[in-house]
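Engineer: Each chain, written out:
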Amino acid sequence: MAELRTETMTVNMGPQHPSTHGVLRLVLELDGETIKSCMPTIGYLHTGIEKTAEQKKWQQVVPLVERMDYLAAQSNSLAYVLGVEKLLGLEMPQRVKDIRVLIAELQRMASHLVWIGTHAMEIGAVSMLFYAIRERELLMNINELVAGFRFFPSYFRVGGLREDLPRGFHEAVNAFLDRFPGKIDEFEGLLTKNDMFLHRTQGVGVITLDEALAWGLVGPIARGSGADYDVRRYFPYSGYETYQFDVPTATEGDVFARYRVRVEEMRQSVRIARQALQRISPSGSWACDDPRVVPPPKDKVYTEMEALIQHFLIYSQGFTVPAGDAYVPVEGPRGEHGCYIVSDGTNRPWRVKMRPPSFMAIQALPKIIENGMIADVIAVIGSTDVVMGDCDR
Amino acid sequence: MDATSIINALASLMPDVSYESGQSVDFATIYVPAASLVETCRALRDTPSLRLNVLLEVTAADYLPREPRFEIVYHLLSIPNRLRLRVKVRVGSNEVDGVVPTVQSVWPAAGWPEREVWDMFGIVFAGHTDLRRLLMPEDWEGHPARKDYPVQIRKAAQTYEPLEVTQDEFKANIERDRQRRSH
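These protein sequence lines are chains X and S, in that order. 1 is the number of the first residue of the first sequence in the numbering used here; add one for each residue after it. 1001 is the number of the first residue of the second sequence in the numbering used here; add one for each residue after it.
The set of hints was computed from the structure by calculation and includes no laboratory data. It is possible that part of the hints are untrue.
Output of the computed footprint for chain S on chain X, the stretches with three or more beta carbons under 8 Å from beta carbons of chain S [what the hints assert, rightly or not]: (1) 184-190; (2) 204-215; (3) 259-271; (4) 336-347; (5) 371-385.
Calculated Cβ distances over 12 Å to all of chain S for the following chain X residues [claimed, not checked]: (6) G239; (7) P248; (8) S283.
Straight line, CA to CA, 20 Å or less: simulated SDA-like cross-link-like pairs of lysine to any residue [to be verified]: (9) K97(X) / K193(X); (10) K1147(S) / T346(X); (11) K51(X) / E1141(S); (12) K57(X) / K1147(S); (13) K193(X) / V126(X); (14) K1147(S) / G48(X).
Backbone N, C-alpha and C fix where the C-beta goes; we use that ideal spot for every residue, glycine too.
Please work from the sequences and hints to get the whole structure.
Structural biologist: Listed below in structure tokens is the structure:
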């Protein structure tokens, strides 16, 4: 009898695989069902946003950076506006800070809802997607209420917010926050003790804390492996030091640990959002009072010459930012979003570079999935919660 | 911890390296000469008072027409000491070819970000294990994030040109592969 041929097989997974969250391509070398090596290929969604941003005025970059990580649009723009404000030396009124915290937490919930829906769907719990997206729809409606745009609201601006909160905002957010904790319980009822879900996630895709940090993975992945690092706690921005919240961690470092961390993060987000909402008065200041950056109110533009000139200057030339560079990190849903901004003192940025958490997660993906089973690749990609727009920019 | 005390901590370990502190509005910035980058990074990671154990990102900025033209920027984070540090390396326009060493041996996370810096700025990292195009297509020419690279550029994609192989060549190719595998 002829000898059995044993050789490894190379399989191309993606870029159009439904569970690769967009256009991630993996070249897998398989020995039976075991993964011997994995080589991710990225760049399919590279749109040169950083290069484009260099051609735009400071305020015009906000919508661009929101399109990087499209599930956490307002984490990107928060990192960007905080960076520019650092260079300008602007201090925001307390109300603006609180609104930013609230919006950022709603954004985190929306992003985690997409994550829990797709992650569970990919490993078999298809109906989770509908439950999660239904809740996210309410958050999208709040975005629409606030800014008229559901996905990329561009509500954060350099120097404050685009406009004041609309009527009915408190009621809408309150209604959501009252409803949502029960829904998280519902999600957990479907997944956390679901035997099949546990089999697919426990002990799968383990990464130790040292490995995670060496590979630059901060955020929910490192917290699933035992780190308690959270930018909101370690380097508070926008007044996070005044909020009561816990940083959930787990120690197992597997897919299930990352799941538990993110679910608990949603509960903590509700907690922070409630505190923020209590502090926000229905009307008040929604921008700082720096006339270089913030256009004067419309009634003054129509009645005062200086205000008209200032309005015209801001909308035609923009404002200049002192030369220098700044990096302000914020805790995005996927980990540390940071925006490195270089200014040469003109009205356009010299360089804008976003630190992409998904980029680092995909780089470390071979480390997590090698010597695992091919079916686990899907579970691991889901648990790293990568967004290709964030990765490729 | 400000830049001066970090430089003092480093100078006691490596007295013959000249470090400079940089202007910054957020956290400490130091300039490191490219020749001593790797041992500096190792010291930054291992010195107990610093322990910058996470490399957050590597990026670069092109300051054309200034010379040295490029600055490579490393953002470091110490979780145990709650510390951030920005390390910068100046790269002249005649030094882009393998003058800066890779820091992969200190933080494996440097692999892809350095690849991206090569892809976007054309700065070759000496000793990098896998310096290929990352975001741009493999056959791309030029380095798009450079300031002298045009903004509006059109390039026909080459990936969907038909495969020019005759039926016979195709069969011969399969046969050759089969022969090779059976040995």
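Engineer: K57(X) and K1147(S): Cα distance at most 20 Å?
Structural biologist: holds, 17 Å
Engineer: Quick one: work out the minimum CB distance from S283(X) to chain S and report holds if it exceeds 12 Å, violated otherwise.
Structural biologist: About 33 Å separates S283(X) from the closest Cβ of chain S, which puts it past 12 Å; holds.
Engineer: Evaluate the condition: distance from the CB of P248(X) to the nearest CB of chain S exceeds 12 Å.
Structural biologist: holds, 17 Å
Engineer: Quick check: the segment 204-215 of chain X, covered by chain S? Criterion 3+ residues, Cβ under 8 Å.
Structural biologist: Contact hint for the segment 204-215 of chain X vs chain S: holds, 3 residues under 8 Å.
Engineer: Is K1147(S) close enough to T346(X), meaning Cα to Cα at most 20 Å?
Structural biologist: At roughly 15 Å apart (the allowed maximum being 20 Å), T346(X) and K1147(S) satisfy the hint.
Engineer: Given the hint that K1147(S) pairs with G48(X), does the C-alpha gap stay at or below 20 Å?
Structural biologist: holds, 13 Å
Engineer: Within the assertion that chain S covers the segment 336-347 of chain X, do at least three residues meet a Cβ-to-Cβ distance smaller than 8 Å?
Structural biologist: Our answer is that it holds, as 4 residues pass the Cβ test (under 8 Å) against chain S, meeting three.
Engineer: Apply the coverage criterion to the segment 259-271 of chain X and chain S: a residue qualifies when its Cβ sits closer than 8 Å to a Cβ of the chain, and three qualifying residues are needed.
Structural biologist: violated (count 0)
Engineer: Need the status of pair K51(X), E1141(S): alpha-carbon distance at most 20 Å?
Structural biologist: Holds - the C-alpha atoms of E1141(S) and K51(X) are around 16 Å apart, at most 20 Å.
Engineer: Are the Cα positions of K97(X) and K193(X) separated by 20 Å at most?
Structural biologist: violated, 38 Å
Engineer: For the segment 371-385 of chain X, does the count of residues with a C-beta closer than 8 Å to a C-beta of chain S reach 3?
Structural biologist: Violated, because only 0 residues of the segment 371-385 of chain X bring their Cβ atoms closer than 8 Å to Cβ atoms of chain S.
Engineer: Closest CB-CB distance from G239(X) to chain S, is it above 12 Å?
Structural biologist: The claim holds: G239(X) sits with its nearest Cβ about 17 Å from chain S, beyond 12 Å.
In summary, the structure is inconsistent with hints 1, 3, 5 and 9 from the numbered list given earlier, while agreeing with the others.
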